[in-house]
Amino acid sequence: MGDSLRNALGDIVTFLPKLLLAAIILVIGYFIAKALEKLLVKVLEKVGFDRAVERGGIRKLLAGSQYDASQILAKIVFYAVMLFVLSTAFGVFGQNPISDYLAAIIGYLPKVFVAILILVIAAAIAAAVKLVVQNALGSLSYARTLATVASTVVLALGVIAALNQLEIAQNVVNAVLYAVLVAVVGVVVVAVGGGGIVPMRQRWENALAKVEAEAPNVRREAQQARPAGEVLQAEADRFAAERRRAEEERQRAERERQEAELAESRRQEAQRAEAQRMADERAAAERAAQQQAVAAPAQQPYDQSGHHPTQAYDPQQLSADPQQPGYGQSYGQQQYAAEQPDGQQYGDQQQYGDQQQYGDQQYGDQYGQPQPWSTGSSAAPDPQQAYDRPPVPTEEPYRTDEPGTAQLPRITDEHPSADPDDRR
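Position 58 of the sequence shown, counted from 1, bears residue number 58 in the UniProt record's numbering, the numbering being contiguous throughout.
FYI, nobody ran anything at the bench for these hints, they're computed from the structure.
Heads up, a few of these hints could be off.
To be verified - Result set (DSS-like, lysine-lysine): computed pairs, CA atoms no more than 25 Å apart in a straight line:
id: 1; residue 1: K18; residue 2: K46
id: 2; residue 1: K111; residue 2: K34
id: 3; residue 1: K42; residue 2: K75
id: 4; residue 1: K75; residue 2: K46
id: 5; residue 1: K18; residue 2: K42
id: 6; residue 1: K111; residue 2: K38
id: 7; residue 1: K111; residue 2: K210
id: 8; residue 1: K111; residue 2: K75
id: 9; residue 1: K46; residue 2: K34
What the hints assert, rightly or not - Pair ranges (Cβ atoms, derived):
id: 10; residue 1: Y67; residue 2: E167; range: 20 to 30 Å
id: 11; residue 1: I98; residue 2: E248; range: 20 to 30 Å
id: 12; residue 1: G107; residue 2: L181; range: 56 to 66 Å
id: 13; residue 1: L117; residue 2: Q170; range: 34 to 44 Å
id: 14; residue 1: E45; residue 2: P199; range: 52 to 62 Å
id: 15; residue 1: R6; residue 2: I98; range: 20 to 30 Å
id: 16; residue 1: R272; residue 2: R238; range: 33 to 43 Å
id: 17; residue 1: A150; residue 2: V172; range: 23 to 33 Å
id: 18; residue 1: P216; residue 2: E256; range: 34 to 44 Å
Glycine residues also receive a C-beta, built at the ideal position from the N, C-alpha and C atoms.
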């Protein structure tokens, strides 16, 4: 059991490199065969192989095919090369029946090429014979019939030669050919010698009379008829002109297609440029708006008196009790952010009173009366003024009960109603 397994594994290991080599040969051979096929098509088109086939009448036989004569021949070459490739690939595995069969097919391919060449040449000769006979006897009533018979005979001889080259039923083909020749000879012998002498003589006399009657016409046609070389040259020129027209039509269609593609690409490029321009303009507008928003400070609307219209500010604002000292003016919910660079807010029920003194100037003489800074024409008081002017010393400590007045000194003033409860 162990030896069998080792032998099987050894066979597999030996077979895998051969299989890989055969696959590589197949792939490389396929690409070589394709390249040869395309090259052969171009060469046959350059040498005018299709024109020769068309003059030979084979083009009519290929009318229902999607390939022309040059493409068919190129396909045959492709498959022939692939047969060589297959034979080489299977030869990697050693002697085998498939390699022998492929070798036999490859040996038969030259005969196929020769047979095809014989048919093409025979068809071209038959077409030329038909053209020459028909042009030479154009005015005769039987000119077309004679031309067809002559071309058929030539083509039949070519077919027989091709079949002999292919070694296809050689005995049958030769027997059929001999039988046809014997039948023709027998008919002639029986017709002439077996009681048909008088009818044959009458027909012969009629034929001679007809030939003599048409002799001037034949002579005139022969004189007016062009030589066979000129006829063939004229046909070749006609086919060349048709091919040039077809090539010009193809080039014109190709130019129109290229122009259409170019116009489409330009239109798409213009659309992309327009979209890019609109995007750039939109981005520039957004950047300008952002820069304007950053550069311009936030402005709040003010009325003619210099105060924000939303602030509940009364220049005649009085304290709750005129008798309370130090509460002559109350600033409630007033904002001076628009007038200060750092947006500070002054207010929140800040009270400046008790006869506050800034230096030598005393404010709050009259409690409850409009103060100089409460009018529309005066600027808002600066809380930092208390730091700029020295405070009046008192015996009491600094006030810390109201926001914004922690650094303002308390002015002592004996007043009968200066009760802390009333102040609150």
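Broken hints, numbered, in rising order? Of the numbered hints, 1, 5, 7, 11, 12, 13, 16 and 18 do not hold.
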